[in-house]
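Make the full structure from the sequences, and use the hints.
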Amino acid sequence: MSLEVNISQLAQGRIPCANVKEGVDGPVNCVTQANLICSRCYLVQYCSYGCQVTHWPQHKLDCNSALRKPGWQPTWASEGRRPAFMSTAMPSESFGHLRFLYGNIAAFDVLKLAHNEGTKHNKDLNLCFAASGDLRNIIESVIGMPDDYSGTCLCVVNDKDQLVVARNVVMLLTSLVFPPVIAAVLILHIWYSARLTPKMLQDVKDRVRPLIAEVLKKIEQKKDDVLLHKTWTFGTRMLSLRLYKQQWNLILRLFDAEQPVSKGEEERQYVMLNDTRVDYRERRLFTMSPSRRVCSHKMQESGMLLPFGSCSDGYTSSNPTLFDNDSGAWLLKDSADPLAGWALKDILASGVRRGGPKEDIYGHLHFHIRDLLENFCQKTTLMKIHMDMYCVNATELPSLLDDRLKESAFDRIEISNIADANYIGLEKSLSTFGPLLKNRKQSSHATLITLFMNAAEQAAQARGYDIEAMMTGMQKISQFLPSKLPANQNPYNPAALRASAAKDLVRDYDKLWAQYKRMLDFPTIVKKTGMKPKVKNTVVEAWPMRLYKRYGEPGAQEDFDNLMESGSSGNERYVEWMRSE
1 MSLEVNISQL AQGRIPCANV KEGVDGPVNC VTQANLICSR CYLVQYCSYG CQVTHWPQHK
61 LDCNSALRKP GWQPTWASEG RRPAFMSTAM PSESFGHLRF LYGNIAAFDV LKLAHNEGTK
121 HNKDLNLCFA ASGDLRNIIE SVIGMPDDYS GTCLCVVNDK DQLVVARNVV MLLTSLVFPP
181 VIAAVLILHI WYSARLTPKM LQDVKDRVRP LIAEVLKKIE QKKDDVLLHK TWTFGTRMLS
241 LRLYKQQWNL ILRLFDAEQP VSKGEEERQY VMLNDTRVDY RERRLFTMSP SRRVCSHKMQ
301 ESGMLLPFGS CSDGYTSSNP TLFDNDSGAW LLKDSADPLA GWALKDILAS GVRRGGPKED
361 IYGHLHFHIR DLLENFCQKT TLMKIHMDMY CVNATELPSL LDDRLKESAF DRIEISNIAD
421 ANYIGLEKSL STFGPLLKNR KQSSHATLIT LFMNAAEQAA QARGYDIEAM MTGMQKISQF
481 LPSKLPANQN PYNPAALRAS AAKDLVRDYD KLWAQYKRML DFPTIVKKTG MKPKVKNTVV
541 EAWPMRLYKR YGEPGAQEDF DNLMESGSSG NERYVEWMRS E
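Note that UniProt numbering numbers the sequence shown so that position 136 is 136, with each residue one more than the last.
Here are the simulated BS3-like cross-link-like pairs (lysine-lysine), alpha carbons at most 30 Å apart as the crow flies: (1) K245 <-> K222; (2) K406 <-> K230; (3) K69 <-> K333; (4) K112 <-> K384; (5) K263 <-> K160; (6) K527 <-> K441; (7) K476 <-> K511; (8) K298 <-> K21; (9) K517 <-> K527.
Since the hints were made in silico from the structure, they are not lab data.
So, in structure tokens, the structure goes:
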């Protein structure tokens, strides 16, 4: 039995027995199918009572963890001090590198053909992800297409962050050169795990690195300021990269980075488990159910996106795409969380389908993403799909596109939140990308999708202190948190702080959005850009993280609890646009 057995189990979609046995190369999970769930913590499962008893000395550390105690309190409360996040000496909400290598809002299908062109649509589709971030929206959109779609799907994918693009390239090439089941596991860990097994890393180096090295050899004498184009064809699948030499070099350097795993773990833990950030971590943990706290803490400790009971001893190579090539620094901030990029209801549904331990939220996420990736890899082998990738500022992208794509060419354009005022703003976003969208004669369903993550807060600040809204909000919160609100007025009481954080979930967002539209003068922007907002979104829900149900309605408490655990404020607003003519 070797360390690769555990990986083989996961590739087969099997939830591992949490008991660890000694293999040829070190500890591995028991390979027998596990169906017996721990009824105390609901985090692990076993193949037999014997394995459960054998593993108890290790498992009891988690099962009996202080984080699972019903009366657990954050350290600042037990020590009777002001938490760091309320101190003027340490006000920062972020720590570590501010790179967005994971998505921070749930993925969605930009096509939603069933609600737009229809599931029988077989014409070619052109999609543009102008500020893509990671691959999650591309993956959701491709797997959402009908199995019998016979057209060609073009995806133009751009992000200004060179490392984001380099990671996306590595993952897409992995999807092209490995069988779907194997590719899914490799991509999942490249995407989200701090460490890989030596075999995983070597396999990717052996199959993907030569493709990049060949390009670098050919462009060695090219100028640094020239966009260099390479296309790979795998059956009906094409991947094109249009990058500058420096960007090509970065991809190759990812494969050549050699960092001892001990150094990598030291750098990662400095960010994820820094002593100065304990209050920030525990503030988040206090919003979770007891076993979820243990699950979340283990994810931060281990850095591995695996089921809770999986043995990670075999993952002994640092993931080179998550560490700086020169300094070795961990490139994420301490609040980065793989959960943020996917819809919680879908993650939980995946857990139910698998029959996994109900509190193992990262185990559910592991299999949810793995299934999506396997579906994506399999589906792309059966369809005509072209990926065209860039790494420039979003505003530069239109000028670099092929002539046929520079005007009235795209069925969907998704631009993330660059329309927010602190990025390029709404008017410039619409004037830059609106002309690229198909006009209404070409397609009545062509849509430009903008995301506003700061609009509601900016409108609230413009309105000033609203005592009536605050009192109404606290009244609603007291219904969802009736027995958890403190009787005393201690401003540092964790329950009081949790209730204060929850107030954003019960805001009147319609009123705030109306105010924001007045602040931006939407009618003038519509007139100047030749774009107009849809009356009703047909691709993505306008407020996907908003609490719609009132207290007492079926599912309302569950929705409230899930939103609290997700860390979302509910203020994320999508607006869909179409050409005026």
